[in-house]
Amino acid sequence: MEKALALRDKVKNHPMLKKENLNPKTWMTAENLKGFTDFILHRETDSETDTSFDNVQMLLESERDYMEAAKINDVATMKLLGRSVNVNAKNVHDRTALHYAVAGRNTEAVEILLRRRAKLDLQDKHGVTSIHLAAWFGSLTILKLLVQGGADQKIENQEGMNIMHCAAINNHTDIVKYIVNDLQMKELDKKDLSGNRAFSLAAQHGCVEMLELLMEEPYSMATMEGDQNGNTPLHLAAKNGHLEVVQLLLERFDNRNEVNKAGETALYLAAEETQEECVKALLEAGCDANIVTTEKSSCLHPVSEKGHTSLVKLLIANGMDMNFQDQHQQAALHLAVKNGHIPVIHTLLESGCNVNVADQRGQTSLHIAAEMGKVDIVEMILKAGPDLALQDKQAKTALGVAARADMVIIVDMIIKAERYFAWKANAESNESLHDESPLTFKLDHRAETRQIRTTIWNLAYKLLKPQDWKKLAQHWLFNEQQVAAIEEQWTGLRSYQEHGNRMMLIWLHGALITQQSLAKELHEGLLSIGSKNVADKIRLETTGTEMRKCTIS
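Using our numbering, you'd call the opening residue of the sequence shown number 1039 and step up by one each time.
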């Protein structure tokens, strides 16, 4: 038992099991393909009791110890266990000692197993054999030993990969040279089950040296043929962010605008995967940014949906159509709003996108933002000057959508915007009256308007009767839809107090913009609804302390 435990510790602490000691490219590529990575990282679980059979790995204890010795090239232990062990014993993953010895690049252990007549073509649960592993992990010495021992050089794993594919993925040019020059087996350059040849796999995994080799004589394996999804090597390199490969392929081949079966260009895939440097290279090479997919998605759609502002700016600068609509009639602005990407929204609006584009539900970006209760986004869109009269397919304006969703703050913001743009359209002069402070439709919390806001609150909650606020609203030219939207909020029998307060604050917003005399306008409004006593009370409160003129902020 002590011997077995000592062997376990030796295996677990072996340098080959440390991720940082692996070739980075081998590690990164292996993680995405079945049957290779865990040869290095897989650690067998010890049996809980001292028995002669490992219930976890389905091995005799001697077989398990032999296999673990093969993993770390412990030749002494392998010889000690001797011929009493079945060298072809398989664990729960259908792997033998030879699999692990080859994966560990343990030449001495492999030689012992070959002398023991280990079966060379046994496949694990992924169809991987020892010869695959030799090519994958780049051990030319072991590969030659296996070939000399009679290993099947054409065998494929469950993904249809042979030793050429395994070498190409991991940039093992010496292995490919051996296959072509010594074995004379150039026919191994064939498609795997995904439709990829060695050249495509090298491009997909960023293997520049391999690509350069395959483009040379006598190899001549360079091909821009697409895989089963129509993805060319340029598609695969761009999608995975391999800039050097993208640049190499752009120099050597002229298929930059070729599309796959989904209608996606290499540029689209690079943008979708946020491979910014590859996007730049493809645009500089003249790739057409406005080619759309079969689902009518442009490059701008996925980057806007994911919130990648720098890519949005880059695509717009290269002639991207900002207003193109996908199969759901969504423009990039719709997707940015739905996902709350404020920097992208700002970029699109600043770049002059059409804020009034409607999707298949008839909703503009303002409809969507209002329904979602996104105050900051509503503010941005309102400042862009949208058409507030547009209705969706349920005949709802953005104001109606906000009222139905009980988004009170947004209801008030939209009414402020409606009144502001109506005043602006009718103003004799387009000269701005709020240059000192930026325009906003949000709630006013400024200290300089605190007095008038307090007066308004007292009016609404203490002095006005239930219907007075509607009469005041009519005097100040609120329309029926605006009054109805305010009244949609219900907080109980005294809801009219909140309604009145909100309506007067909306009025205040417009009065400040147009630089009206607040005390005068308020007094006249109260007189118009027959509230002379209230009007006089308000006048007395403000006599001698004329309300300070304010600007909107």
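If you are wondering where the hints come from, they were derived from the structure by calculation, not from laboratory data.
Wrong hints could be hidden among the right ones.
Stated by the list, open to error - In the DSS-like style, the derived pairs of lysine-lysine whose C-alpha atoms are separated by at most 25 Å in a straight line are:
#, residue 1, residue 2
1, Lys-1558, Lys-1503
2, Lys-1412, Lys-1480
3, Lys-1434, Lys-1421
4, Lys-1480, Lys-1462
5, Lys-1462, Lys-1431
6, Lys-1480, Lys-1376
7, Lys-1128, Lys-1117
8, Lys-1351, Lys-1376
9, Lys-1500, Lys-1462
10, Lys-1431, Lys-1503
11, Lys-1215, Lys-1163
12, Lys-1182, Lys-1128
13, Lys-1376, Lys-1412
14, Lys-1558, Lys-1509
15, Lys-1299, Lys-1318
16, Lys-1480, Lys-1508
17, Lys-1376, Lys-1344
18, Lys-1462, Lys-1558
19, Lys-1192, Lys-1157
20, Lys-1412, Lys-1431
21, Lys-1117, Lys-1182
Handout entry: Lys-1192 paired with Lys-1157 [C-alpha distance capped at 25 Å]
Key = 16 Å, holds
Practice task
Could you grab the alpha-carbon distance between Lys-1215 and Lys-1163 and see if it respects the 25 Å cut-off?
Solution key: Violated - the C-alpha atoms of Lys-1163 and Lys-1215 are around 29 Å apart, more than 25 Å.
Problem - Given pair status - Lys-1412, Lys-1376, alpha carbons within 25 Å - result: 9 Å, holds
Exercise for the section: Please work out if Lys-1412 and Lys-1431 have their alpha carbons no farther apart than 25 Å. Expected result: 21 Å, holds
Handout entry: Satisfaction of hint between Lys-1503 and Lys-1431, Cα-Cα up to 25 Å
Key = 38 Å, violated
Practice task
Please work out if Lys-1480 and Lys-1508 have their alpha carbons no farther apart than 25 Å.
Solution key: 22 Å, holds
Problem - Restraint check for Lys-1117 with Lys-1182, where alpha carbons must lie at most 25 Å apart - result: With a Cα-Cα distance of about 23 Å, the restraint between Lys-1117 and Lys-1182 holds, given a limit of 25 Å.
Exercise for the section: Verify the proposed pairing of Lys-1376 with Lys-1344, using a straight-line Cα cut of 25 Å. Expected result: 10 Å, holds
Handout entry: Restraint check for Lys-1412 with Lys-1480, where alpha carbons must lie at most 25 Å apart
Key = Holds: Lys-1412 and Lys-1480 sit about 12 Å apart, inside 25 Å.
Problem - Pair hint outcome, Lys-1299 versus Lys-1318 [Cα-Cα no greater than 25 Å] - result: Judged against 25 Å, a Cα distance of about 24 Å means the pair holds.
Exercise for the section: Mind checking the alpha carbons of Lys-1480 and Lys-1462 for me, to see if they're no more than 25 Å apart? Expected result: Holds. Lys-1480 to Lys-1462 sits at ~18 Å (cutoff 25 Å).
Exercise for the section: Mind checking the alpha carbons of Lys-1462 and Lys-1431 for me, to see if they're no more than 25 Å apart? Expected result: Violated - the C-alpha atoms of Lys-1431 and Lys-1462 are around 29 Å apart, more than 25 Å.
Checked against the numbered hints given earlier, this structure breaks hints 5, 9, 10 and 11; the rest are met.
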